[in-house]
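Colleague: Residue numbers (the working numbering), protein chains in the order written: chain A, 1 to 262; chain B, 1 to 414.
One or more of the hints may lead you astray.
Unchecked claim - Now the in silico label distances, taken between C-beta atoms and shown as ranges:
1) Pro159/A <-> Leu217/B: 25 to 31 Å
2) Pro159/A <-> Leu199/B: 33 to 39 Å
3) Asn39/A <-> Gly210/B: 53 to 59 Å
4) Gly210/B <-> Arg72/A: 50 to 56 Å
5) Arg100/B <-> Gly129/A: 57 to 63 Å
6) Leu60/B <-> Pro159/A: 57 to 63 Å
7) Asn191/A <-> Phe67/B: 39 to 45 Å
8) Leu217/B <-> Asn55/A: 49 to 55 Å
9) Gly201/B <-> Tyr255/A: 27 to 33 Å
Treat the hints as calculated values from the structure; they're not laboratory data.
Heads up, the beta-carbon is just placed ideally off N, CA and C, and yes, glycines get one too.
One letter stands for each residue in the lines below.
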Amino acid sequence: METLLNIKALYMRFGGLAALEEIDLEVRTGEITALIGPNGAGKTTIFNCITGIYNPTAGDILAGRPGRKPQRLNGRAPNEVTALGLARTFQNIRLFPNLTVLENVMIGRHCRTRAGILGAVLRDRRTRGEERETLVRSYRLLTRFALEPFVNELAKNLPYGVQRRVEIVRALATEPFLLLLDEPAAGMNINETRQLDELINRIRDEENVSILLIEHDMSLVMSLSDRIYVMDYGRMIAQGPPARIKNDPNVIKAYLGEDLDA
Amino acid sequence: MPAHRPRISIVSELRQSLVASVWFMFLTFPIMVIRVNTIENTIEWRWRNMVLIGLGTFFLSFIWRFFLRRREAGRKKAEGGETQRLTLTRRIIAAREVRRPSLVAVGAFVLLFPFLFSTYQTNIMITALIYVMLGLGLNIVVGVAGLLDLGYVAFYAVGAYAYALLNHHYGLGFYSVLPLGALLGLTFGVLLGFPVLRLRGDYLAIVTLGFGEIIRLILENWNEFSQGPSGIAGIDRPGLFGLDLDLDLAMKYLYYLMVVMVLFTIFVVNRLQNSRIGRAWLALREDEIACQAMGIDKHKTKLTAFGLGATWAGMAGVIFAAKTTFVNPASFTFMESAIILSIVVMGGMGSIVGVTLAAFVLMLLPEYLRAFSEYRMLLFGACLVLMMVFRPGGLIQKVQRHYEFHDQGPAGRD
């Protein structure tokens, strides 16, 4: 199996604070990889390093479409990372609140289209074709995930669970090979979480997109993931398939605390 | 019982207004009622004033409350998720049978305007049209891309001085400088864009404010370059195939030229808004981080917004110089930037129709309020406050583009 994302010996320091220390992480084609750990362990920091929001202090982040030569992501601008094929969602939903669902998704197609100022003003045949394609593709994508009833709704007026789904679909509109989901089940009820489970599986199987997710909902993580990485205090303390992680003493210690008598 | 409720609330409204008026009578009692006559050493009791204040406050407060309540009701209705009910104005605009005749009427009025009214009126209208152009230009930067620019007038000055200087020193004509002014505006827009790429919100506003002042101060103090505060006079009006136009004809000609320019601006801005670039600007306005995460180059998008906005200001500046035949730094103070910004905010961020309308209101209102002489600016200010209270989203809010999808594929309509 091919490695899509390879993080080697990653360090991230903010002044004197070591947020990440010697992180190694791998995401492979067609897999759902989960990243778990207590609050403040550094999970989102890893996401921010990958997607160009932070520039890591040391180490390498390598990624590339299957069959292509991987590229080093360190210090790249967020839009370059997205153009390369890594899309993300945010822990606290970041849709464009005053735009419609369709417009949100159409903006996701920005990096796969080319029309410039001149094209916009003259509206030549190529631009018109491209506009149409953007529209059709965005609409189809929304239909595939049963979001077409909300097409013309403003994003801010949607129910929470739908907003989460729209954010995921918007990320898919950028045609990624790897989708990074930051706590997609946060604030969802049991029913919505089950739908999410199904949605993530479908994205992997039907859209051929591999997934790296941060999640606190353990039952979701255990049922979804092929492999799990566990972090605590900026370090990787365990990795492996769900069955092994469940019984790992280090993981249990990180989550439940140390036994005082030991 | 629902049938009873409005009545009860009207009684309570009346009571509240009464309380307000009594409170005001009490507050203004010492200054409005009592007057000490220092010559005769007597105290005058002006009870009439108190009655007037009481009545005035009562009615004002009642009307104020009435409108506030109407707005609340409207908002509740909108939030209630009812199928989007269109407002009356919007329904009128949308109805085809109304739309075409009214467009024809407006068009005819615009075309005949200089022949129906005096040169003075035409002159005012040209100024208003220049501000429409400025408003639409700034609308790209503030309304669509969400970058608060308080120094927009700097680009206007660049255009005006470009024409003034090139005409003064090299005798270049209006039509050769118009594209040059646009180009200079663009250049300065991008030049300002670079240092502020990392800034947003309040910080951006302060830096652009500073930039506007820098340009004005340079023009004021660099005498060898711009002839300082005395300005440059005797600038040529736009020529028409070398014809010798008298003032009246020149103004009419400039008026039609301005109408064409405004139509051109509306055309371009409208197309830009409904394009890939326009969507990138909107994304930038809505959420900068998510915008980048969608693969949009933040820096490039900001620069195009600044540059294109400034382009229109540059062109408007050239026209301004040609219209007044005189420029000096006093025309490009912060007040101008503030007025253009008010046009955008009052019109409704991102709404082309709204901004156009607001430009007319803001430019023509002070003119026609001249009847109130010294109360003119007071009334003008009151109008601004009232409009922002009752229509915080602007005169005409931007209508979200609405798409309908059929089996054969999507069809968009505005």
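Colleague: Do Gly210/B and Arg72/A keep their Cβ atoms within the hinted range of 50 to 56 Å?
Modeller: 39 Å, violated
Colleague: With respect to the beta-carbon atoms only, verify the hint that Arg100/B and Gly129/A lie 57 to 63 Å apart.
Modeller: For Arg100/B and Gly129/A the Cβ distance comes to about 31 Å; the hint is violated.
Colleague: Within 25 to 31 Å or not, the Cβ separation of Pro159/A and Leu217/B?
Modeller: Because 54 Å falls outside the window, the suggested range is violated.
Colleague: Okay, Gly201/B versus Tyr255/A on CB: inside 27 to 33 Å?
Modeller: 40 Å, violated
Colleague: Cβ-Cβ distance between Asn191/A and Phe67/B: within 39 to 45 Å?
Modeller: Holds, since Asn191/A and Phe67/B (Cβ atoms, about 44 Å apart) stay within the stated range.
Colleague: Is the hinted range of 49 to 55 Å satisfied by the C-beta distance from Leu217/B to Asn55/A?
Modeller: 39 Å, violated
Colleague: Per the hint of 53 to 59 Å, is the separation of the Cβ atoms of Asn39/A and Gly210/B within bounds?
Modeller: Since Asn39/A and Gly210/B have Cβ atoms about 42 Å apart, the given range 53 to 59 Å is violated.
Colleague: Can you let me know if the beta-carbon spacing of Leu60/B and Pro159/A is within 57 to 63 Å?
Modeller: 42 Å, violated
Colleague: For the pair Pro159/A and Leu199/B, does the Cβ-Cβ distance stay inside 33 to 39 Å?
Modeller: 35 Å, holds
Violated hints, listed in ascending order, are 1, 3, 4, 5, 6, 8 and 9; each of the other numbered hints is respected by the structure.
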